[in-house]
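Novice: Given the structure of chain Y, go ahead and fit chain U onto it with the hints provided.
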Amino acid sequence: MASTYEPIATTTLGSATAAITFSSIPSTYTDLKIIIVATASVSGSALQFIFNNDSASNYSVTLINGNGVNASSNKYSNQSTGYGLVASSSTGLSTSVPSFLSIDIFSYAGSTFKTALVAGNADKNGSGNVEYDVNLWRSTSAINRIDLSAQSANLSAGTTATLYGIKAA
Amino acid sequence: MPILGILASSKLGSLSSFESIATATGTGSSGTITFSSISSTYKHLQIRALARSTEAATGFTNLLVQVNGDTATNYSIHNLIGDGSGVSTVGYASQSLMELGAVVRNNETANIMGVSIIDIVDYASTTKNKTFRSFSGWDANGSGRNLLLSSAWYSTSAINSLTIKISGATNYFTTNSTFALYGIKG
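Keeping their order, the protein sequence lines are chains Y and U.
Taken in order, the first sequence gives residues 21 to 189; the numbers are from my numbering.
Taken in order, the second sequence gives residues 4 to 189; the numbers are from my numbering.
One chain only, chain U, in its complex shape:
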């Protein structure tokens, strides 16, 4: 029964245009997650990430993304970052990867994770370069970062693979890190 003064509804229909494609979990012994064989049947993609690194340090490191195994300098980056005290922005051209999120390092308080929502629009186009957008951050009750991130991949190839990684050969995603890839139909 609706609460007095409130019009309530529940058990609404599902949004069938938003589908889960795949989920990956950190192993504690790898700093790389790959979503491969991505179908071109959607209009847009979204990655929702919950990430922490085994790196014995405080603060955060960047969540890095490459497309279709491309490690050449075909990417660019712009970001707007707030640290709780001030705002900064920077851009980089001709990069070999994209910075699209925050990964909390392991000397931060336990159970604090970096989170990211990465949107990839028109990923299957064969006539356009590809634009990425991310809202990401972490908070540790007195420290943290708020990240608004944009990147581009300069290729007209359809995206069929996404590689997510962190820098450092011995830095790994913790076992409570999760990465979910979704497809959004047009």
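Just chain Y, same shape as in the assembly:
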């Protein structure tokens, strides 16, 4: 039986950079998955992503998180990006300890709005965050480009992201 989980591209930053871009994404898969290991130039930055260069307020997110003290849930409407590790400024990306995020994008080439599940983990030896996000991009366009960035910061050297395609039978 044919393999259906394939790496499309990997980027590892050699120097601090504003964004990691995956472009010309083929529409031949069913779902996409991105694995990200990231640090940022500003502590507490959220991990952001946009699809197809769309930075209009077409994104929203419902999240649940635990920061070692409390569990909470928040929602943000009409955002200009999708988010991971957005719960609070103290629980986002670290400048030194890599955070681990996975982004699952369902039916990215389909005709419905696009929903992405994000699992984010950031631990900083005394502070940190485990966060699960349900992101919506209100567009029926097929996703052919994804830009990953840190909110108001650069992604640091050593940040790595791999884009996978998952193909159903």
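Each hint should be verified, as a subset may be incorrect.
[Stated by the list, open to error] Taking lysine-lysine pairs in the PhoX-like style, the calculated list, with each CA pair at most 25 Å apart, reads:
1) U:K46 to U:K188
2) U:K46 to U:K131
3) Y:K187 to U:K46
4) Y:K187 to U:K168
5) U:K188 to Y:K187
Hints were generated in silico from the structure; no laboratory data involved.
Specialist: For chain U alone, kept in the frame of chain Y given last:
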């Protein structure tokens, strides 16, 4: 050519241990999807679901799962749910089914779907009960749910059939609902 400051690679090898087993699509006239004759040749299973119901209501309903046609009270459920305002958790013992995802009802904004990733570990074991885990949710730009779900099926039988359904005799999966079953080799 790699972008300056970036080490880039592409056309990497495939992950041959993750295979597509079967895919089913909603018909608009049935609330049940069944994956049957599941081979025991994998170590784990994963279901990736995109689901919406024909039910004329807002919000969501649960994606329900039963194993090997077992409708007895051999299941248990625990969940952790965020609604954008608060967090809740609940557990149920001795259930006749599992709640493993979100299905968006049809009065929500068009094109919004519930999504779920359901992992079923060691499904072919004949000595262990079976544990299920799901990350699921939906967002409708101001409303939504974030679901972290766990269930168990108390049987040492290998899983060879999975039935996915929604509650309500006249509630059906829409034609843009899709359910993909994958096998992961050990």
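Novice: Each hint needs a verdict: does it hold in this structure or not?
Specialist: Checked hints:
For the proposed pair K46 (chain U) and K188 (chain U), the alpha carbon gap of about 5 Å is at most 25 Å, so the pair holds. For the given pair, K46 (chain U) sits about 13 Å from K131 (chain U) by alpha-carbon distance, which is consistent with the 25 Å threshold. For the suggested pair K187 (chain Y) and K46 (chain U), the alpha carbons sit about 19 Å apart, so the restraint of at most 25 Å is met. For a cut-off of 25 Å, the pair hint linking K187 (chain Y) to K168 (chain U) stands: about 23 Å separates their Cα positions.
Only pairs whose Cα atoms come within 25 Å are accepted, and K188 (chain U) paired with K187 (chain Y) is accepted, the gap being roughly 16 Å.
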